[in-house]
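Peer 1: In case you want the letters, here they are:
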Amino acid sequence: MANDPIHQFQISKIVPIEIGGLDFSFTNASLFMVATVACAAGFLYFATSQRSLIPGRGQSVAEMSYEFIANMLREGAGSGGMKFFPLVFSLFMFVLTANLLGMFPYFYTITSQIIVTFALAVLVIATVLIYGFYKHGFHFLQLFVPSGVPGALLPLVVTIEIISFLSRPVSLSVRLFANMLAGHITLKVFAGFVASLGALGALGIGGAILPLLMTVALTGLEFLVAFLQAYVFAVLTCMYLNDAVHPGGH
Amino acid sequence: MFVTSAYAQTAPAAPETPAAPGAAPAGDTHAAPAGETHTETGAPHGGEHGGTFPPFDSTYYPSMLLWLVITFGLFYILIKNVIVPRVGGIIENRQGRIAQDLDEAGRLKAEADAAVATYERELAAARAKSHAIAENARESAKAKATADRNAIEAELSQKLSAAEARIGEIKAQAFTQVGQIAEDTASAIVDLLIGGKATSDDIKAAVAAAKTGA
Numbered sequence: 001m002a003n004d005p006i007h008q009f010q011i012s013k014i015v016p017i018e019i020g021g022l023d024f025s026f027t028n029a030s031l032f033m034v035a036t037v038a039c040a041a042g043f044l045y046f047a048t049s050q051r052s053l054i055p056g057r058g059q060s061v062a063e064m065s066y067e068f069i070a071n072m073l074r075e076g077a078g079s080g081g082m083k084f085f086p087l088v089f090s091l092f093m094f095v096l097t098a099n100l101l102g103m104f105p106y107f108y109t110i111t112s113q114i115i116v117t118f119a120l121a122v123l124v125i126a127t128v129l130i131y132g133f134y135k136h137g138f139h140f141l142q143l144f145v146p147s148g149v150p151g152a153l154l155p156l157v158v159t160i161e162i163i164s165f166l167s168r169p170v171s172l173s174v175r176l177f178a179n180m181l182a183g184h185i186t187l188k189v190f191a192g193f194v195a196s197l198g199a200l201g202a203l204g205i206g207g208a209i210l211p212l213l214m215t216v217a218l219t220g221l222e223f224l225v226a227f228l229q230a231y232v233f234a235v236l237t238c239m240y241l242n243d244a245v246h247p248g249g250h
Numbered sequence: 001m002f003v004t005s006a007y008a009q010t011a012p013a014a015p016e017t018p019a020a021p022g023a024a025p026a027g028d029t030h031a032a033p034a035g036e037t038h039t040e041t042g043a044p045h046g047g048e049h050g051g052t053f054p055p056f057d058s059t060y061y062p063s064m065l066l067w068l069v070i071t072f073g074l075f076y077i078l079i080k081n082v083i084v085p086r087v088g089g090i091i092e093n094r095q096g097r098i099a100q101d102l103d104e105a106g107r108l109k110a111e112a113d114a115a116v117a118t119y120e121r122e123l124a125a126a127r128a129k130s131h132a133i134a135e136n137a138r139e140s141a142k143a144k145a146t147a148d149r150n151a152i153e154a155e156l157s158q159k160l161s162a163a164e165a166r167i168g169e170i171k172a173q174a175f176t177q178v179g180q181i182a183e184d185t186a187s188a189i190v191d192l193l194i195g196g197k198a199t200s201d202d203i204k205a206a207v208a209a210a211k212t213g214a
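Residue numbers (our numbering), protein chains in the order written: chain D, 1 to 250; chain A, 1 to 214.
Rather than coming from a laboratory, the hints here were simulated on the basis of the structure.
Ideal Cβ positions, reconstructed from N, Cα and C, are used throughout, including at glycine.
Don't take each hint at face value.
Just a few of them, taken from the derived set where beta-carbon distance is under 10 Å, the chain A residues facing chain D [what the hints assert, rightly or not]:
id : residue
1  : 68
2  : 74
3  : 76
4  : 81
5  : 89
6  : 91
7  : 129
8  : 175
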């Protein structure tokens with residue numbers, strides 16, 4: 001049980017709630033969603049509460065993340081995309097905090113649940129679709145018709161464009177989910193080797209050094225992945241939002 | 001739901017495996033702990049051992065979605081209404097302050113430049129004025145010196161001509177007296193030499209002759 005690499009993704013109920021035959025229990029995953037929001041919101045709120053002209057450490061980090069996402073969105077979707085800034089910033093901070101909280105031992109990694117990442121991806125794609133149709137009407141469908149393509153190839157290209165558009169929520173959610181899941185499983189497997197080899201006596205302890213080093217290296221890598229996947233999620237969100245703002249622009 | 005029903009088929013087999021060690025001492029209570037385990041931990045616990053991989057277990061999807069909507073929704077509202085205006089305000093305020101400071105610096109620099117220009121102009125004016133004053137002083141000093149010299153020269157030449165006139169006068173007077181003295185001297189010499197008295201007319205003629213001859 002202790003060495004089972006899948007155990008960390010197990011969901012357990014804390015407060016059972018059932019409405020209309022569906023299970024809406026407050027689980028350990030729900031607890032860590034609350035913790036993620038509390039950490040991210042608390043940090044941003046208290047770090048900026050001074051509103052200093054010359055920022056302190058916390059305020060500096062908060063401003064840096066704000067400007068990081070603002071620049072990303074401005075480059076990705078132009079100034080017309082800046083109305084989505086709260087959404088992209090919330091997504092980035094939520095995913096980043098969830099990923100980083102998942103790095104603590106015994107903490108639950110909510111981004112390793114496909115339903116969570118899929119829901120976030122669907123939120124992005126739904127925003128793109130709703131805003132795209134609201135703003136451009138049927139011109140939004142130009143998104144699927146790249147300019148300058150010969151007539152004979154057009155049906156093929158349009159089909160590819162539509163498939164590529166439909167695969168976006170899948171790729172967006174699976175990328176984040178699979179990275180977090182695989183990383184945590186690998187970490188757990190190597191850490192499990194240390195424990196099981198260490199139990200074998202002197203020779204085993206010698207042999208356990210290698211997986212121990214591997215675990216340390218993987219932990220570093222996982223912190224990188226935690227940030228990188230939040231960044232990738234935000235960048236792709238900006239790119240998709242660009243389609244909603246400028247549907248003919250590619 | 002599909003995954004859960006799939007699990008339901010494997011469920012009867014699952015409790016036997018974990019229950020086996022516990023069941024051995026219990027003996028005939030086999031059914032009770034197996035059922036107990038099952039109800040306590042529910043479907044996902046059994047799934048952990050073979051059935052469902054937790055992320056694909058749809059039992060908790062409604063719960064996950066509900067709590068995600070609640071937490072992320074609150075987070076979004078907080079970000080949109082509090083954090084973004086606040087951080088945006090801080091950054092804008094700072095940029096405004098920087099721009100204002102730059103403007104102030106530019107204004108002060110322009111002022112300093114104007115002051116320097118004024119100073120240069122005043123300095124040039126003062127220099128020109130001092131130059132003019134020096135020039136005037138030099139001119140007037142020169143003129144006065146020339147006038148003085150002319151006056152002295154005129155006085156000197158006047159004195160010179162007066163002296164010359166006097167010398168001429170004295171000379172003329174002396175010349176008139178020379179004849180008389182020569183006559184007296186000649187008559188005395190004649191007296192002494194020849195003892196006879198020469199007539200004064202002769203002597204006068206002789207002196208006159210000697211004067212013209214000399």
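Peer 1: Each of the hints needs a verdict: does it hold here or not?
Peer 2: Against the structure, the hints:
The beta carbon of residue 68/A comes within 5 Å of a beta carbon in chain D, closer than 10 Å, and the hint placing it at the interface holds. The restraint placing residue 74/A at the interface with chain D holds, with a minimum CB-CB distance near 6 Å, inside the 10 Å limit. With a least beta-carbon distance of about 5 Å to chain D, the hint placing residue 76/A at the interface is held under the 10 Å criterion. A cut of 10 Å between beta carbons decides the hint on residue 81/A: the least distance to chain D is about 9 Å, and the hint holds.
A cut of 10 Å between beta carbons decides the hint on residue 89/A: the least distance to chain D is about 7 Å, and the hint holds. Interface hint status for residue 91/A: upheld, as the beta-carbon distance to the closest one in chain D is roughly 6 Å, under 10 Å. A cut of 10 Å between beta carbons decides the hint on residue 129/A: the least distance to chain D is about 51 Å, and the hint is violated. Taken as an interface hint, residue 175/A does not check out: its beta carbon lies about 118 Å from the nearest beta carbon of chain D, beyond 10 Å.
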